[in-house]
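Let chain A serve as the given structure and place chains B and C on it in line with the hints.
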Amino acid sequence: MAFARSRQTLAIAGVLGLALGVTACGTGNDKKSGNAGSAECTAYEKYGDNDGKKVTIYSSIRDIEADRLNESWKQFEDCTGIDIDHEGSGEFEAQLGVRVDGGNAPDLAFIPQPGLLKRFVDAGKLKPVGAATKTEAEANYSPDWLKYSTLNGQLYGAPLGSNVKSFVWYSPKMFKDKGWTVPTTWDELIKLSDTIAASGTKPWCAGIESGDATGWPATDWIEDVLLRTAGPEVYDQWTTHGIPFNDPKVADALNRAGTILKNDKYVNAGFGGVKSIATTSFQEAGVPITTGKCALHRQASFYANQWPQGTKVAEDGDVFAFYFPAIDPAQGKPVLGGGEFVAAFNDRPEVQVVQTYLASGEYANSRAKIGDWVSANKKLDLANVPNPVDKLSVQLLQDEKTVFRFDGSDLMPAAVGAGTFWKGMVEWINGKDTAAVLNGIEGSWK
Amino acid sequence: MTTATPTVPTGAQAIRKSTAAGRVRKRLNSRTATLVSIVIAIAWTVPTVGLFVSSFRPENEIKTTGWWTVFSNPQFTLENYQEVLFGRSSSSGQLASYFINSLAITIPSVLFPLAFAALAAYALAWINFRGRDWLYIAIFALQIVPLQMALVPLLRFFSTGVTIAGVQVLPAWDLVDEQKFAQVWFAHTCFALPFAVFLLHNFISQLPADLMEAARVDGATHPRIFRTIVLPLITPALAAFGIFQFLWVWNDLLVALIFAGGGNETAPLTVRLAEMAGSRGNEWQRLTAGAFVSIVVPLIVFLSLQRYFVRGLLAGSVKG
Amino acid sequence: MEFDFAAEQPKFLMLMYGLIAFVAVVGGLLLLLDVVPAWFARRREAQLVAASVSGAPLPRRGKPQEGLFALFFLLPTLLLLAVGLVGPAIRTTLLSFMDAGSNNWVGLRNYGWMFSDPTILRVLTNTLIWVILVPLVATSFGLIYAVLVDKARLEAVAKSLIFLPMAISFVGASIIWKFVYAYRSEEQQQIGLLNQIVVSLGGEPKQWLLDSPLNTFLLIVIMVWIQAGFAMVVLSAAIKAIPADIVEAARLDGVSPWQMFWQITMPSIRPALIVVVVTLSIATLKVFDIVRTATNGNYDTSVIANEMYNQAFRYGQNGQGSALAVFLFVLVIPIVIYQIRNLRQQREG
Numbered sequence: 001m002a003f004a005r006s007r008q009t010l011a012i013a014g015v016l017g018l019a020l021g022v023t024a025c026g027t028g029n030d031k032k033s034g035n036a037g038s039a040e041c042t043a044y045e046k047y048g049d050n051d052g053k054k055v056t057i058y059s060s061i062r063d064i065e066a067d068r069l070n071e072s073w074k075q076f077e078d079c080t081g082i083d084i085d086h087e088g089s090g091e092f093e094a095q096l097g098v099r100v101d102g103g104n105a106p107d108l109a110f111i112p113q114p115g116l117l118k119r120f121v122d123a124g125k126l127k128p129v130g131a132a133t134k135t136e137a138e139a140n141y142s143p144d145w146l147k148y149s150t151l152n153g154q155l156y157g158a159p160l161g162s163n164v165k166s167f168v169w170y171s172p173k174m175f176k177d178k179g180w181t182v183p184t185t186w187d188e189l190i191k192l193s194d195t196i197a198a199s200g201t202k203p204w205c206a207g208i209e210s211g212d213a214t215g216w217p218a219t220d221w222i223e224d225v226l227l228r229t230a231g232p233e234v235y236d237q238w239t240t241h242g243i244p245f246n247d248p249k250v251a252d253a254l255n256r257a258g259t260i261l262k263n264d265k266y267v268n269a270g271f272g273g274v275k276s277i278a279t280t281s282f283q284e285a286g287v288p289i290t291t292g293k294c295a296l297h298r299q300a301s302f303y304a305n306q307w308p309q310g311t312k313v314a315e316d317g318d319v320f321a322f323y324f325p326a327i328d329p330a331q332g333k334p335v336l337g338g339g340e341f342v343a344a345f346n347d348r349p350e351v352q353v354v355q356t357y358l359a360s361g362e363y364a365n366s367r368a369k370i371g372d373w374v375s376a377n378k379k380l381d382l383a384n385v386p387n388p389v390d391k392l393s394v395q396l397l398q399d400e401k402t403v404f405r406f407d408g409s410d411l412m413p414a415a416v417g418a419g420t421f422w423k424g425m426v427e428w429i430n431g432k433d434t435a436a437v438l439n440g441i442e443g444s445w446k
Numbered sequence: 001m002t003t004a005t006p007t008v009p010t011g012a013q014a015i016r017k018s019t020a021a022g023r024v025r026k027r028l029n030s031r032t033a034t035l036v037s038i039v040i041a042i043a044w045t046v047p048t049v050g051l052f053v054s055s056f057r058p059e060n061e062i063k064t065t066g067w068w069t070v071f072s073n074p075q076f077t078l079e080n081y082q083e084v085l086f087g088r089s090s091s092s093g094q095l096a097s098y099f100i101n102s103l104a105i106t107i108p109s110v111l112f113p114l115a116f117a118a119l120a121a122y123a124l125a126w127i128n129f130r131g132r133d134w135l136y137i138a139i140f141a142l143q144i145v146p147l148q149m150a151l152v153p154l155l156r157f158f159s160t161g162v163t164i165a166g167v168q169v170l171p172a173w174d175l176v177d178e179q180k181f182a183q184v185w186f187a188h189t190c191f192a193l194p195f196a197v198f199l200l201h202n203f204i205s206q207l208p209a210d211l212m213e214a215a216r217v218d219g220a221t222h223p224r225i226f227r228t229i230v231l232p233l234i235t236p237a238l239a240a241f242g243i244f245q246f247l248w249v250w251n252d253l254l255v256a257l258i259f260a261g262g263g264n265e266t267a268p269l270t271v272r273l274a275e276m277a278g279s280r281g282n283e284w285q286r287l288t289a290g291a292f293v294s295i296v297v298p299l300i301v302f303l304s305l306q307r308y309f310v311r312g313l314l315a316g317s318v319k320g
Numbered sequence: 001m002e003f004d005f006a007a008e009q010p011k012f013l014m015l016m017y018g019l020i021a022f023v024a025v026v027g028g029l030l031l032l033l034d035v036v037p038a039w040f041a042r043r044r045e046a047q048l049v050a051a052s053v054s055g056a057p058l059p060r061r062g063k064p065q066e067g068l069f070a071l072f073f074l075l076p077t078l079l080l081l082a083v084g085l086v087g088p089a090i091r092t093t094l095l096s097f098m099d100a101g102s103n104n105w106v107g108l109r110n111y112g113w114m115f116s117d118p119t120i121l122r123v124l125t126n127t128l129i130w131v132i133l134v135p136l137v138a139t140s141f142g143l144i145y146a147v148l149v150d151k152a153r154l155e156a157v158a159k160s161l162i163f164l165p166m167a168i169s170f171v172g173a174s175i176i177w178k179f180v181y182a183y184r185s186e187e188q189q190q191i192g193l194l195n196q197i198v199v200s201l202g203g204e205p206k207q208w209l210l211d212s213p214l215n216t217f218l219l220i221v222i223m224v225w226i227q228a229g230f231a232m233v234v235l236s237a238a239i240k241a242i243p244a245d246i247v248e249a250a251r252l253d254g255v256s257p258w259q260m261f262w263q264i265t266m267p268s269i270r271p272a273l274i275v276v277v278v279t280l281s282i283a284t285l286k287v288f289d290i291v292r293t294a295t296n297g298n299y300d301t302s303v304i305a306n307e308m309y310n311q312a313f314r315y316g317q318n319g320q321g322s323a324l325a326v327f328l329f330v331l332v333i334p335i336v337i338y339q340i341r342n343l344r345q346q347r348e349g
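Residue numbers (our numbering), protein chains in the order written: chain A, 1 to 446; chain B, 1 to 320; chain C, 1 to 349.
One chain only, chain A, in its complex shape (with noise of 0.2 Å):
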């Protein structure tokens, strides 16, 4: 009887899958690299023929960002016949991680972390660069960039996309009607706060809540400062544990930040005390802005997609930045800003080639145009960079006097730069002193 029963059932898949394939058949969707000999393409030549191979992509770029990135290697993919499947998450740290070491890992990842990087060299995953690859690296990035993926002496990926953190966000709408300049020291800074403050209302805003990256935000502004105080030798040992964590150094520049985070009369414009800081999304915390109820926020370049619909931001329109003022002139312009890394998890062919493209000018400039995009990359033509922040952050990036530093709590080890110091500076907004913050962050680094 069972038996009966399942033929039965055979035979009716055996005439859906039928009627299934009958239909398919009327559609075909077959993609065809086929226009590989047309006008466009004679940029491409050098890249190959790598017709109808496959390379796999993951990073955590999602949502319009991806179908971004997609658009930006349109043309190679069409030219040189090379298939690029990538996929964007937004658990991209920790499932890289599950991937690999499930033996699955994809071909290419972007990776934000210098640190994560590093652990994935140092448990052998990661392939170095081909000779091609790096040749176009160190043609389009400064040595200061590309020392953040190299190890032992080896190039592990060329930057990709970057980012400026070492901005101040205002609204040159309400600098102009309160006749209030914007600051190009700290002291101007800190006199421009003391006047908004003494006016009625509180000058900053800030918030680092971030889901499950909680604390990230704060970091951020820690690093700023302690790029701007002691400068970037010494911010160098901080990130590589030369010195310890909880360095005096480190103590002044954290409670430097605190005269700001930390003061009452300063913060939190729009949303409550200086414990609300904790408990506002990094989202949201800029908004006040637009209402007038705040007027300065410190947050990266890529804040610019954050402000409501309709928000103007340029230099003459409802919101802009201006940059971070320097502390002690002895110690340059510096700029705090992040990026991504394409690093490889593979080295066939195809892989190397799509590296190389990702690592050239032309890739750059195929991106930029595309829009909220900034890249380290020395090739990219700032007249391809549509958006005035992101105008503004190129600038910056390829000005020689700029002393560029990565994130700092990207390159330490994980359970540090994503763990301790994250919820270490939760804790130090919720009122823990800053000795007892950094001791704790300290004793975490083994």
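FYI, nobody ran anything at the bench for these hints, they're computed from the structure. No residue lacks a Cβ here, since even glycine has one placed at the ideal position from N, Cα and C. There may be inaccurate statements among the hints.
As the list claims (entries may be wrong) - Every beta carbon over 10 Å from chain C, so not counted as near; a handful from chain B, in silico: (1) PRO58; (2) GLU83; (3) VAL167; (4) TRP173; (5) LEU207; (6) ASP210; (7) LEU211.
What the hints assert, rightly or not - Listed below are the simulated DSBU-like cross-link pairs for lysine-lysine, each with C-alpha atoms no more than 35 Å apart in a straight line: (8) C:LYS286 / A:LYS118; (9) A:LYS446 / C:LYS286; (10) A:LYS53 / C:LYS11; (11) C:LYS206 / A:LYS265; (12) A:LYS134 / A:LYS118; (13) B:LYS63 / A:LYS369; (14) C:LYS206 / A:LYS262; (15) A:LYS118 / A:LYS379; (16) A:LYS173 / B:LYS63; (17) A:LYS293 / A:LYS147; (18) A:LYS178 / C:LYS206; (19) A:LYS134 / B:LYS63; (20) B:LYS63 / A:LYS178; (21) A:LYS446 / A:LYS118; (22) B:LYS63 / A:LYS275; (23) A:LYS178 / A:LYS46; (24) A:LYS173 / C:LYS206; (25) A:LYS275 / C:LYS206; (26) A:LYS127 / A:LYS74; (27) C:LYS206 / B:LYS63; (28) B:LYS63 / A:LYS379; (29) A:LYS391 / B:LYS63; (30) A:LYS176 / B:LYS63; (31) A:LYS446 / A:LYS275.
Relative to chain A, chains B and C alone:
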């Protein structure tokens, strides 16, 4: 074919006009009882209502005023749903595609553990063999293994196969695109089994022993008893577990993320909705609408199966 | 982009393969178990006939192959469990004695770390609070509600309302409650319900999730909110299954409603109660998404599963993460022992 099939007692179907709890309720001041139950029901529903109302409010309103202000200042929009369903991203027009993925993942992931666990639970309850109690306890205890810790070994099982002392015992699965569904089914089935065996064992072991005895005396074999006596009696209990498993698989994110990947060939709705939250964090307006889109199906399933559900749990207590 | 049904075709095909596989495996197994023993039975019958004809002594009647049957019934489950859970559990235990990259043995160092680091001790305490409170409170609410709405008008609707949260994922539920706990400063309008209530009663708005240990209790509320529906449904069904004659007899004896509840209802639903409490305890031990979504373990709210995930997957500390997982295994032992006792009682009764 002369073996008489033992008839199933139909006592469970007897209509019971008054139950113990009913008595308690009636004797209690019934107005107080009603009041308390209404208060609990409201307390349980209000958070969801808040979210539901919010999902129809404009972004700016959600962020600046409480949802209860709609009663004095009604402002509604369908924009949030539009954004979630049709999106700004080119891939989001295919939400239907993710929906199909969710279905393709969920159906086998419910059926397999259901069948395997029913067979196992029957064996553990009614077949005499040495060490069965210990085996049952061991399976029960496996419930505690956090699935996070099983992700890496299971993924390695799929992608590199099994090698013992240098010898390839099982090959890698090497699945592509929609074939990856099989990995997800496999993973969900593994993770569901301990709880399924535990729950079904509870019901099956409480079936009346004389029923089994009678069947054995008539010469029925275990497979026959399982098919003709046990299965009809526990069908409602299966429905009960089926709902729990359905809810779990439908709402799962982690397992799908690892074993199905994020593309629209295989990723379920939850993965898509998690992405919708935006690449740089959470946005209330999308989350509120997204949450409701994903709730709809489980809700329909629950409401339509609710009858079986209650009867299913009844069956476990035939013994009284 | 418009929806292309043809592109979905392989998925349905795959789903169909899955269903065919299901029918083949389950149907095949039952068929096999049905046919093979029948064949043996016929052979045995033939032997018996032959023996009686020849007058030879009857072959010793073998014990029915119960064990073999059991093996086949259990085979799929045991295979899957071995691959999916037993293997990983053993691996985790081994990893817990190794360093972060799983390269060198470090003995008990990870366990030493677990019991000496104050933040981890806090995590262990929190887990204890969770596992005591959630089953207790959720079961109580479920039971009270089940009793209250039993036989009431609109019972189905009333039950659906409580069950509703079960249909929402843990992440979704946490988002809903984060919304309830949301904070705005005094000058602003509140968007969180809880603060709105506080404000309208003349109080000051609070940042609920910031203050320990209150925040842990507020997170527990989320879990109770989700799981009370499960308790209610199971217990309600058990209550309905209490035979009417027992109730009737008790009524004739003139017992009070209170006595009725404690002497009739409670003992009758004891098995269901055990299922609920055990299931909730284990689910609570493994709770992860709620803490991760609501606070990510900040402000002293972390629990074992959350910390384990962070250590093993985010910080790359495989050893420490695994040690925490092993501690979870240990925590379940009391429940297992209780379950063994139950089983013994059941076998004897």
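Hint check against the structure, violated hint numbers in rising order: 17, 19, 23, 28
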